[in-house]
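There are 2 protein chains.
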Amino acid sequence: MTAALGVPGPLSGSTRLYAIVGDPIAQVASPGLFNTAFRERSADAVLVPLHVAPAELQRVIDSFRAIRNFDGLIVTVPHKIAAIEWVDELGPNASLTGALNTIRKGDDGRLIGENFDGEGFVRGLASRGQTVTGRRVLVIGAGGAGCAVAHAIAAAGAHAIGLFDIDARRRRALVDDIKGHRPGLDVFEAKPDALGFDVIVNCTSVGMRTGDPLPLDITHLASHALVADIILKPVMTPLLVAARARGCAIHQGPAMLEGQIDAVLDFFAVRAPT
Amino acid sequence: MTAALGVPGPLSGSTRLYAIVGDPIAQVASPGLFNTAFRERSADAVLVPLHVAPAELQRVIDSFRAIRNFDGLIVTVPHKIAAIEWVDELGPNASLTGALNTIRKGDDGRLIGENFDGEGFVRGLASRGQTVTGRRVLVIGAGGAGCAVAHAIAAAGAHAIGLFDIDARRRRALVDDIKGHRPGLDVFEAKPDALGFDVIVNCTSVGMRTGDPLPLDITHLASHALVADIILKPVMTPLLVAARARGCAIHQGPAMLEGQIDAVLDFFAVRAPT
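Top to bottom, those sequences are chains X and W. In this text, residue positions in the first sequence follow my numbering: the first is 1, and each later residue adds one. In this text, residue positions in the second sequence follow my numbering: the first is 1, and each later residue adds one.
Careful, some of the hints might be misleading.
Identical chains blur together in the list; that is why a pair holds if it fits in one copy or across any two.
What the hints assert, rightly or not - Below, in silico cross-link-like pairs of lysine to any residue (SDA-like), each with a Cα-Cα straight-line distance of 20 Å or less:
{"id": "1", "residue 1": "Lys191", "residue 2": "Pro10"}
{"id": "2", "residue 1": "Lys233", "residue 2": "Ser14"}
{"id": "3", "residue 1": "Lys191", "residue 2": "Pro54"}
{"id": "4", "residue 1": "Lys179", "residue 2": "Thr219"}
{"id": "5", "residue 1": "Lys179", "residue 2": "Arg135"}
The set of hints was computed from the structure by calculation and includes no laboratory data. The structure displayed is predicted, hence computed values, not measured ones.
Next comes chain X alone, as it looks inside the complex:
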């Protein structure tokens, strides 16, 4: 039989420990996905949720240095940028984006942060037969996830990228940053308006709470456009509902997480026991 999703193998005193930290935490899908993946790899490991407020993040990350069987941490909203401060070393994508979503403890006890969100988004698209290559993409939101997704979309060969964030300074900084890394690419500050784009990606949390407005004006959304959201819960955000009603292709949030599981497990060096 197939065991239930999210159920780890039997726990014992020698089980290795992983966690996901966020605030709120009830909506996260990582415990389900990672515990299933650990069991599939016959790894004696478990991943648990940790509900931690921003002011307490440093204290909790530091305590992991003291827990010898603690090997890795998934970091989610709102900690992805702040967590940068509390690790010892950054991988290339965390350096590029100024945000991390994963921390592993090295053999020497050092904490190494990396960001797999962008790679996860692009891999998730590919797993659903979609692509950003050669297309005009509008990214809404330039926070931790938005930065990671925008950099990955640039790396994946988008034709042009428009960026919107309600914070003008943050929006401008991300445009400049991507331009600096990819001088030939057409990257620009955009309005929150679907007009002229054929891929829309919502990287804000707008749509997570009941009664949220749409994160952009979709009056001129083209019916051939692909509309993607990175929100995990609800899976069908108001934006995706509206896009589907117009006949657009849609792409749901959990794919970004599924798209990075293998990369994160490799980063954690989770292997079947020898």
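Chain X is fixed; fit chain W onto it per the hints.
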């Protein structure tokens, strides 16, 4: 079907968190026992092992204050006495013994420590059809577990209790303490010698490591005596092997842990979701 021992229910973002902290940790049985018990009670909860050295105990306990979905901690060797310092409040058995083996977080966030070792030992004996009532009992070891077991044996109506610890001051302090609480009871400092006792309880860690000597002289061990060990691994310590070879009844370590599961779950207020 019966699910495998130690396997919790499916984990999600709303799973409540429990842990056992010790050094070493690989030998502990709590993850197996508690995760099975959580699943039997349909509780959305998981208990994980934490390997933490004595110098780091305070930092790890303090970090639990910051983890909102963390509800409780089992505390094992060598932290049972030191942990007293880092909680906000003690239950009656922890106050009596000066050691704790369980911490729960109250609704107000305060950490409350209690000790279920003694109750667990006496309940575990009863579950195997054994008793200390009316018998002459020798307790070897006056550390955290020894204190708890000796107080519980006194409460359970032993006829007399001899106490040995290699540390004379610790041995004397425990004798005085039990005498103070039970003025009528025959409690005295004893040698590590089975002569004259009909129940022997090893509460030291001697027997955990290969090549350990016996924790007492059993030359004069009576064949009608009951010999108990609280060591979890190996289940058959050299002391129990030698006692069985002489025809004595024996009592193994895991019974003490099993004997306190229900009491600890009640203390944690673990209930099936409503």
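Going through the hints against the structure:
no., hint, verdict
1, Lys191 x Pro10, "neither (51 Å within a copy, 43 Å between copies)"
2, Lys233 x Ser14, "between (34 Å within a copy, 13 Å between copies)"
3, Lys191 x Pro54, "neither (30 Å within a copy, 56 Å between copies)"
4, Lys179 x Thr219, "neither (29 Å within a copy, 84 Å between copies)"
5, Lys179 x Arg135, "within (17 Å within a copy, 84 Å between copies)"
Violated hints, listed in ascending order, are 1, 3 and 4; each of the other numbered hints is respected by the structure.
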